[in-house]
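Q: The lines below spell out each chain.
Protein chains: 2
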Amino acid sequence: MASRNRGNPLALAVLVCLSERPMHPYEVSTVLRQRAKHESVRLNYGSLYAVVGALERRGLIVAKETERAGRLPERTIYDVTDAGLVEMHEWLSDLLSTPVKDYPSLEAALSFLAALPPDEVVDLLGERARRLEFELAHVSATRELVERHRLPRLFWVESEFQMVLRRAELGYVRQLRDEIARGQLEGIEWWRTVHEHPDRPPPDPFVDPVATAEQLASPTDHA
Amino acid sequence: MASRNRGNPLALAVLVCLSERPMHPYEVSTVLRQRAKHESVRLNYGSLYAVVGALERRGLIVAKETERAGRLPERTIYDVTDAGLVEMHEWLSDLLSTPVKDYPSLEAALSFLAALPPDEVVDLLGERARRLEFELAHVSATRELVERHRLPRLFWVESEFQMVLRRAELGYVRQLRDEIARGQLEGIEWWRTVHEHPDRPPPDPFVDPVATAEQLASPTDHA
DNA sequence: GCTGGAGTACTCTGCTCAAAGTACTCCAGT
DNA sequence: ACTGGAGTACTTTGAGCAGAGTACTCCAGC
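The listed protein sequences derive, respectively, from chains W and F.
Just so we're aligned, residue 1 is where the first sequence starts under my numbering, counting upward by one.
Just so we're aligned, residue 224 is where the second sequence starts under my numbering, counting upward by one.
Quick caveat, the hints were computed from the structure, so don't treat them as lab data.
Glycine included, each C-beta is placed from N, C-alpha and C at the ideal position.
Some hints here could point you the wrong way.
Claimed, not checked - Restricting the straight-line Cα-Cα distance to at most 20 Å, the calculated cross-link-like pairs of lysine to aspartate or glutamate (DMTMM-like) are:
(1) W:Lys64 to W:Glu20
(2) W:Lys101 to F:Glu350
(3) W:Lys101 to F:Glu243
(4) F:Lys287 to F:Glu358
(5) W:Lys64 to W:Glu74
(6) F:Lys324 to W:Glu74
(7) F:Lys287 to F:Asp302
(8) W:Lys101 to F:Glu297
(9) F:Lys324 to W:Glu133
(10) W:Lys101 to F:Asp325
(11) F:Lys287 to F:Asp305
(12) F:Lys324 to W:Asp102
(13) W:Lys64 to W:Glu39
(14) F:Lys287 to F:Glu297
(15) F:Lys287 to F:Glu250
(16) W:Lys64 to W:Asp79
(17) W:Lys101 to F:Glu356
(18) W:Lys64 to W:Asp102
(19) F:Lys324 to W:Glu39
(20) F:Lys324 to W:Glu135
(21) F:Lys324 to W:Asp82
(22) W:Lys101 to F:Glu250
Unchecked claim - Computed footprint of chain W on chain F, listed as stretches where at least three residues anywhere in the stretch have a Cβ under 8 Å from a Cβ of chain W:
(23) 232-241
(24) 256-266
(25) 350-359
(26) 389-396
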């Protein structure tokens, strides 16, 4: 009963919307956008109609009626089923209670730091820090606007969380940038040498050459 | 020259590996696993051979030679091209310098907090906090192992960053849980009422009913 | 009265990508 | 000699999904 892959969280968004009242898919998309949920859940029409179809096949929602205004395309109004309400409840509970491995793009980039020369990395991280500051300023500006509309915090906790993550990222980026700039990052001599002499065979990256022998002697899986 | 979508970061990982020395795809996958990069970049064979094929079509890598050991499948050894090195450089620079919107699953879940009753949410967030603590302990244990092998920090900054994010998440989750438990989260009365009387039409969620009128009067886009 | 842009409500197309499968080798154990 | 499990090196498959496209309406402006 743990977190078997449930796929696109947009399907959860659809269940939540339909649990309020029956809607047609396009209305779901406008409601989500009005509430700025498309900042937290990837939303586009291709996926929307795909997940609605899938939810219907799984019996979690049902087509209630179809109407037509003029010669515009037909609108199919869906309603959530009891099974759908159960699934929504379980899915949300799972997401809240169980951390899953996300793959933030910065983590990937940091994995390959050594492929770029250190001085370039200093500049690039500085650039990122500046952009993060700008973004944070922008987000808190719009948040103030929302607050002035008196929409209770309950409805924008996700943007609060977003800012927490962004601030943590900014802190780390700044710190790492400074450490590289000041030559304090462990391994920096190796890093510099490799990029200054791309032709020469790279020297040993290990901090303590004695340890290398140990390392090779005992092929422990530290992977 | 900005961040046009470059697709799967696994392709970047391949470029980085091949920039060290020519390899066949399977060797790329074992190298990435040895260095624990599969913690930061989604890695599986289906995608690996797909991205290698795409890189070849785009002229960023070339098949150098193919060998065969016994009657095992043929191994195609690839090498990076000059264009590939340029692409690697640009891609990495982009990733480092430009923050992009990731969609962490907890952010999606928090977007729909109000769909679950508050007391359940308190329990679920408590559960998550406990699991995060467990994970953090686990990660710092393996990190110590890596340190004892004297592998310089330069090669595990990504796991450092991962821990920074996890700790920030833990802090926020704990705080939010406590605020809900203590009834301090703005909007909690509405939240409780809605779940205690699912039949009754929901009351106005706005903090200050007077503001609602203003809100309706000036349809500013706060989306 | 006609053009052009914003909005409505989807549909189509083709790529991506994860999981599982395939087909072999090498070796340890019995 | 034979079975079985771990490892090697890919290939196949089909669902998922993003972006672009379609076909209409409504309205403002000249």
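Q: Against this structure, judge whether each hint is valid.
A: Here's how the hints hold up against the structure:
Restraint check for Lys64 (chain W) and Glu20 (chain W): the C-alpha separation of about 15 Å stays at or below 20 Å, so the hint holds. As the CA atoms of Lys101 (chain W) and Glu350 (chain F) are separated by approximately 17 Å, the hinted pair is consistent with the 20 Å bound. A distance of roughly 28 Å separates the Cα atoms of Lys101 (chain W) and Glu243 (chain F); the hinted pair therefore is violated under the 20 Å criterion. Simply put, Lys287 (chain F) and Glu358 (chain F) have alpha-carbon atoms about 43 Å apart, too far for the 20 Å limit, and the pair is violated.
Restraint check for Lys64 (chain W) and Glu74 (chain W): the C-alpha separation of about 13 Å stays at or below 20 Å, so the hint holds. Taken as a hint, the Lys324 (chain F) and Glu74 (chain W) pair is broken in the structure, with Cα atoms around 34 Å apart against an allowance of 20 Å. Only pairs whose Cα atoms come within 20 Å are accepted, and Lys287 (chain F) paired with Asp302 (chain F) is accepted, the gap being roughly 6 Å. The suggested pairing of Lys101 (chain W) with Glu297 (chain F) is violated, with an alpha-carbon distance near 34 Å, which exceeds 20 Å.
Our distance criterion of 20 Å between C-alpha atoms is met by Lys324 (chain F) and Glu133 (chain W), whose separation comes to about 15 Å. For the hint linking Lys101 (chain W) to Asp325 (chain F), the alpha-carbon distance of about 13 Å falls within 20 Å, and the restraint holds. For the suggested pair Lys287 (chain F) and Asp305 (chain F), the alpha carbons sit about 14 Å apart, so the restraint of at most 20 Å is met. Taking the CA atoms of Lys324 (chain F) and Asp102 (chain W), the gap is about 13 Å. The hint holds against a cut of 20 Å.
Distance hint between Lys64 (chain W) and Glu39 (chain W) is unfulfilled; the C-alpha atoms sit about 29 Å from each other, more than 20 Å. A C-alpha spacing of about 13 Å is found between Lys287 (chain F) and Glu297 (chain F), which places the hinted pair at or below 20 Å, so the restraint holds. Our distance criterion of 20 Å between C-alpha atoms is met by Lys287 (chain F) and Glu250 (chain F), whose separation comes to about 15 Å. For the given pair, Lys64 (chain W) sits about 6 Å from Asp79 (chain W) by alpha-carbon distance, which is consistent with the 20 Å threshold.
For the hint pairing Lys101 (chain W) with Glu356 (chain F), the CA-to-CA distance comes to about 15 Å; that is within 20 Å, so the pair holds. Straight-line distance between C-alpha atoms of Lys64 (chain W) and Asp102 (chain W) comes to about 36 Å, which puts the hinted pair past the 20 Å bound. Straight-line distance between C-alpha atoms of Lys324 (chain F) and Glu39 (chain W) comes to about 8 Å, which keeps the hinted pair within the 20 Å bound. For a cut-off of 20 Å, the pair hint linking Lys324 (chain F) to Glu135 (chain W) stands: about 11 Å separates their Cα positions.
A hinted pair counts as satisfied when its Cα atoms are at most 20 Å apart, and Lys324 (chain F) with Asp82 (chain W) does not qualify at roughly 34 Å. As the CA atoms of Lys101 (chain W) and Glu250 (chain F) are separated by approximately 25 Å, the hinted pair breaks the 20 Å bound. Judged by the Cβ-Cβ criterion of 8 Å, the region 232-241 of chain F is covered by chain W as claimed, because 4 of its residues qualify and three suffice. Figure legend: the region 256-266 of chain F, annotated as covered by chain W; annotation consistent (9 residues with Cβ-Cβ distances under 8 Å, at least 3 required).
Against chain W, the region 350-359 of chain F contributes 5 residues with a C-beta closer than 8 Å to a partner C-beta. That satisfies the three-residue criterion, and the hint holds. Counting residues of the region 389-396 of chain F whose C-beta lies closer than 8 Å to any C-beta of chain W gives 6; at least three are required, and the coverage claim holds.
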